[in-house]
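Let the sequences and hints guide you as you build the complete structure.
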Amino acid sequence: MSNLRIRFYFKIFKFLSYFKNPLDWQIYLLFYLLYIIYNLLKITYFLFTYYHLIINFTISFNIGKLETIISIKKQINSIL
Numbered sequence: 422m423s424n425l426r427i428r429f430y431f432k433i434f435k436f437l438s439y440f441k442n443p444l445d446w447q448i449y450l451l452f453y454l455l456y457i458i459y460n461l462l463k464i465t466y467f468l469f470t471y472y473h474l475i476i477n478f479t480i481s482f483n484i485g486k487l488e489t490i491i492s493i494k495k496q497i498n499s500i501l
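Each residue of the sequence shown is one higher than the last, beginning at 422 in this note's numbering.
Watch out, some of these pointers could steer you wrong.
[Unchecked claim] No more than 25 Å apart at the CA atoms, straight line, and that leaves these computed lysine to any residue pairs for SDA-like: (1) Lys435 to Ile448; (2) Lys432 to Trp446; (3) Lys463 to Asn442.
[Unchecked claim] Per label pair, the in silico range of CB-to-CB distance: (4) Asn460 to Ile427: 27 to 35 Å; (5) Arg428 to Phe467: 36 to 44 Å; (6) Tyr449 to Arg426: 21 to 29 Å; (7) Thr489 to Phe431: 34 to 42 Å; (8) Ile433 to Phe469: 47 to 55 Å; (9) Leu451 to Ile493: 54 to 62 Å; (10) Leu468 to Lys441: 24 to 32 Å.
Hints were generated in silico from the structure; no laboratory data involved.
Here the structure is a predicted model, which is why all the values come from computation and not from measurement.
Ideal Cβ positions, reconstructed from N, Cα and C, are used throughout, including at glycine.
Now the structure itself:
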């Protein structure tokens, strides 16, 4: 085994040794997973509630870029 893997196992063992009862770290991991799920739900809520604003912004940004490209082409054609 590599030295890194041994250190990783040692860190896990040290972390688990903080809890006297084996159920304690399982409860800790359960709450950690619930925290991760909560954050994912917040992100999806934000995306689903504001997706129309994000889409409208990207569409208007692309249309603005297209209009500037067209105006630059017109200016070049008028110069030529």
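Structure-based check of all given hints:
no.: 1; hint: Lys435 to Ile448; verdict: holds, 17 Å
no.: 2; hint: Lys432 to Trp446; verdict: holds, 14 Å
no.: 3; hint: Lys463 to Asn442; verdict: violated, 32 Å
no.: 4; hint: Asn460 to Ile427: 27 to 35 Å; verdict: holds, 32 Å
no.: 5; hint: Arg428 to Phe467: 36 to 44 Å; verdict: holds, 38 Å
no.: 6; hint: Tyr449 to Arg426: 21 to 29 Å; verdict: holds, 23 Å
no.: 7; hint: Thr489 to Phe431: 34 to 42 Å; verdict: violated, 59 Å
no.: 8; hint: Ile433 to Phe469: 47 to 55 Å; verdict: violated, 37 Å
no.: 9; hint: Leu451 to Ile493: 54 to 62 Å; verdict: holds, 58 Å
no.: 10; hint: Leu468 to Lys441: 24 to 32 Å; verdict: violated, 42 Å
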